[in-house]
Amino acid sequence: MMKKRKIFVSAALLGSATSVTYAQSSVTIYGVLDAAVTYAHASGAGSKFSMDSSGLSSSKFGLIGTEDLGGGLSAGFTLEGDIYPTNGTGGTASVDNTAAATSSLFGRRSFVSLKSKQYGEIRLGRDFSPTYWNLFLFDPFVLLGVGSSSVFTLASAGVTAARTSNSVFYLTPDTLGGFFAEGDYAFGNKPYDLADGTGHDGNFAGLRLGYEGHDLRVAAAMSNVTYKVGDIREINVGGTYDFKIIKAYGLYQNVRVGSSGRIQSTYLLGGMIPVGPDAIRFSVNRLHEHGDSSRDAMLFAVGYIYNLSKRTSLYGTAAFMANHSKAAYAMSQTSGALTPEAGGNDTGVQFGIVTRF
Amino acid sequence: MMKKRKIFVSAALLGSATSVTYAQSSVTIYGVLDAAVTYAHASGAGSKFSMDSSGLSSSKFGLIGTEDLGGGLSAGFTLEGDIYPTNGTGGTASVDNTAAATSSLFGRRSFVSLKSKQYGEIRLGRDFSPTYWNLFLFDPFVLLGVGSSSVFTLASAGVTAARTSNSVFYLTPDTLGGFFAEGDYAFGNKPYDLADGTGHDGNFAGLRLGYEGHDLRVAAAMSNVTYKVGDIREINVGGTYDFKIIKAYGLYQNVRVGSSGRIQSTYLLGGMIPVGPDAIRFSVNRLHEHGDSSRDAMLFAVGYIYNLSKRTSLYGTAAFMANHSKAAYAMSQTSGALTPEAGGNDTGVQFGIVTRF
Amino acid sequence: MMKKRKIFVSAALLGSATSVTYAQSSVTIYGVLDAAVTYAHASGAGSKFSMDSSGLSSSKFGLIGTEDLGGGLSAGFTLEGDIYPTNGTGGTASVDNTAAATSSLFGRRSFVSLKSKQYGEIRLGRDFSPTYWNLFLFDPFVLLGVGSSSVFTLASAGVTAARTSNSVFYLTPDTLGGFFAEGDYAFGNKPYDLADGTGHDGNFAGLRLGYEGHDLRVAAAMSNVTYKVGDIREINVGGTYDFKIIKAYGLYQNVRVGSSGRIQSTYLLGGMIPVGPDAIRFSVNRLHEHGDSSRDAMLFAVGYIYNLSKRTSLYGTAAFMANHSKAAYAMSQTSGALTPEAGGNDTGVQFGIVTRF
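Chains as they are written, first to last, in the working numbering: chain A, 1 to 357; chain B, 1 to 357; chain C, 1 to 357.
The set of hints was computed from the structure by calculation and includes no laboratory data. Don't take each hint at face value.
One copy or two, either will do: identical chains are not told apart, so a pair holds if it fits within one copy or between any two.
[To be verified] No farther apart than 27 angstroms at their CA atoms in a straight line, the calculated lysine-lysine pairs in the BS3-like style are these:
{"hint": "1", "residue 1": "Lys-310", "residue 2": "Lys-115"}
{"hint": "2", "residue 1": "Lys-326", "residue 2": "Lys-117"}
{"hint": "3", "residue 1": "Lys-310", "residue 2": "Lys-244"}
{"hint": "4", "residue 1": "Lys-244", "residue 2": "Lys-115"}
{"hint": "5", "residue 1": "Lys-310", "residue 2": "Lys-117"}
{"hint": "6", "residue 1": "Lys-228", "residue 2": "Lys-117"}
{"hint": "7", "residue 1": "Lys-326", "residue 2": "Lys-244"}
{"hint": "8", "residue 1": "Lys-247", "residue 2": "Lys-310"}
{"hint": "9", "residue 1": "Lys-115", "residue 2": "Lys-247"}
Quick caveat: nothing in here was measured; it's all calculated off a predicted structure.
Given these sequences and hints, build the entire structure.
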């Protein structure tokens, strides 16, 4: 359940008389701003100091609205966009689920929703793909900062790995005893009979199934996005179990890239250890390239989260990337990754602050 | 008169103590999100499934502010931008009233206003052109979705047909017994003595005159925008009359495109039939190309609006485009129109949901 | 101390039942919209009528948030973006403190802040550079409109003259008896070992020292931004003194552009004369090109500010630019300056309206 804070509009230099407003439904403005200083060193590529956004939590701002239609039915919407505090710029989106991305104000999440307590929810628009949720929820570093597993799990999975535009989403209701499912069909919005045969490019289908109990959270997801040069097929399964003294994380993903025929598997083991209001988090990630283990790589990450309040936190993360002979993976940096030579290592340290509203 | 709803800012996981704010003037945040699934078939071009924004109502978000200056005088502003829920991206604007458009956060409406109850209102900035209002108000499909008359009325009328940047608007006060007028002069913002003679390009002048009675709404408008390659001259007249069992629509527009010498006339007849809280709407549109009727076309559209509440609606629309031998008009789709071969037909069906806040 | 106004969300046509929200911390939405009609004449370039944004005050909108962490500590953020009412478009930012600028939603100010009453404030992100504050505060025309000194002080000082991205700012606390200091180190975010030697481009260091008494305000600032083609070094000092019948302004700046070896000095003398709630403002600006006075120029400006309320103002400004034989400076126009021939003069007159929320 979301709690509320007042919002008001400033009138520099002016005081004035009271007035109250009324509502049955509501719109919520929310956001996160996260900035960090990063040091990175990559063998054969030297070193780099930079300021990066979103080392702990995605920098963003958004609006959420809901309207009670009665009879267990409600309508709503979400508009959420990236906003990088390091330079004030926003994010991008692919309008047709193919590579080209355009600047997008609310490119993170943007949909209209119709929700029934009995029958579930339908969303029309752009939102996270079913496969993304597992990658996000089952990585202690939630795909952010130098410890992010995204350099393995998202890199090869294409533009629809994170979000799909032009989508019809269906989410099951909260009445299934902890079990849930999400389906997503997204249109590439192209005429089917294009001369070059790319008329079905960007058509996407995805499904996620899971269970969420008291201490257990587990889910599996799969998706396929159509391209004439070859589909991208993605499956993953993962979970967390809260042993109280430690919350354990596990994730497996397999991605097949039709255009290259390459198949990659990613393995993640990690944990989150509460320290009073704070937490230690760590993960070990392994990428395996099927048929060519010389392209494998491993990523080790450890971090500390120091909570100044429920809304504001300081954090530090250290990560180390070990590439096999032909691999040249770098760790995630919003300012642009420092890529080592083939077979080289990559080291990163990051200190940041995040505030949420 | 606008009604209000509260807005608040979320603080995930945090509850806290009350506080109230005060105001003499106010800022309103508002918006509309509209997404639809569309099927289109065009002879010679095959078929297309897509998700499109704004089939019933323009997807947008905005801020409106007013300040009472006393003595019947008030200052205010409007900032309104397109936001397409299908992909989260925003709209565009021409900053100099010529073809080139740039990404624009508040490209729909953006102006400062000074309003007197006795003498009317002056607006400085970007807003709808006087001619646009008739095209919008006197089309049962309000220029949106597969039934939109915009493919006839806006297509040939150029970038200032919908909005003008760098404009001085004057609107008469509400004290003329239902009669009203709006004038708009917009600057192309170019040095007048440019070597290539385009120094006056984008200078725009428009006027709208009308009457709004109990059941009658009628208005005429004309505009001219200057280009060295040839001015675009636009005149239109239209109206609606509410017979209660049906609201009748009629519109005529004539556009002369100086660069090509082509002249087009558009005729629209339509209606809106209330069905309890819902409505059936339909229109017949004819485009006539002066001097070459082989370029004529007709568009037939019918739709149903099912209101879940005053804010949230479902809708369905079907449309059929009949092109004469040389014409190749397609119906309106935000995802990109499916254009038939010359003389071919175009069919579209659209189902969507819209929510307003 | 900021005053408040309510904000609410409109629901067209809908009234509804009450609800109240709660808060310990707060988010403020604010903005300014300023539009003006400008006439300019430049010898050898003819004349120009245009509509320009921000002749008196920067058109913008933003959000500011603060959270009390207790013990004199508070967290906060600022997000502020340009918004030009003449066409609805927003501003730009350089993401790496080099020339290339990209469209930026909150490109004016965007940072996370941690503030201690005893020890001062740290900001991570993008904000005004230390040298900018003097140029802004000690120009009666605050770097805006046809009277702006920015055509001298900002033109040669490069992209970091106004703002720096990827910055660590430190501001002293308000406990130093009116004395204050601000430091700014900004990262170019580039790998240091780039083959072309540009790895340190965009690294910025700046410092500002000042005193603010009852009627006196004075500050000095300096900065250096690193580029392989040559650093840009900027120093300035200025102040205001309020004699009540007139507020006097003075500013000196020196900029050395390493890439060209050119050195420019700018001198400003000006004043603001209160006339009841209104004001007359004027300035005389001189640009001196070291080693080549044939490139010198002078700018004379006078204006009147008529306040309709504390939030809404009308204004008029007239300016005259006198260029020496080789100089071709134009006055500031957001619609694009009208540049005279070498040694020619430039004249501008501007009338506008601004409203703040």
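Here's how the hints hold up against the structure:
1. Lys-310 to Lys-115: Classified as between: cross-chain Cα gap 17 angstroms, same-chain 30 angstroms, threshold 27 angstroms.
2. Lys-326 to Lys-117: neither (52 angstroms within a copy, 53 angstroms between copies)
3. Lys-310 to Lys-244: Within. Shortest intra-copy distance 19 angstroms satisfies the 27 angstroms Cα cut-off; inter-copy 48 angstroms does not.
4. Lys-244 to Lys-115: This pair counts as neither: shortest intra-copy Cα distance 34 angstroms, inter-copy 34 angstroms.
5. Lys-310 to Lys-117: Cα proximity of Lys-310 and Lys-117: across copies only (21 angstroms, versus 30 angstroms in one copy).
6. Lys-228 to Lys-117: So Lys-228 and Lys-117 fail the 27 angstroms test inside a copy (40 angstroms) and across (61 angstroms) alike.
7. Lys-326 to Lys-244: neither (41 angstroms within a copy, 74 angstroms between copies)
8. Lys-247 to Lys-310: within (19 angstroms within a copy, 46 angstroms between copies)
9. Lys-115 to Lys-247: neither (32 angstroms within a copy, 33 angstroms between copies)
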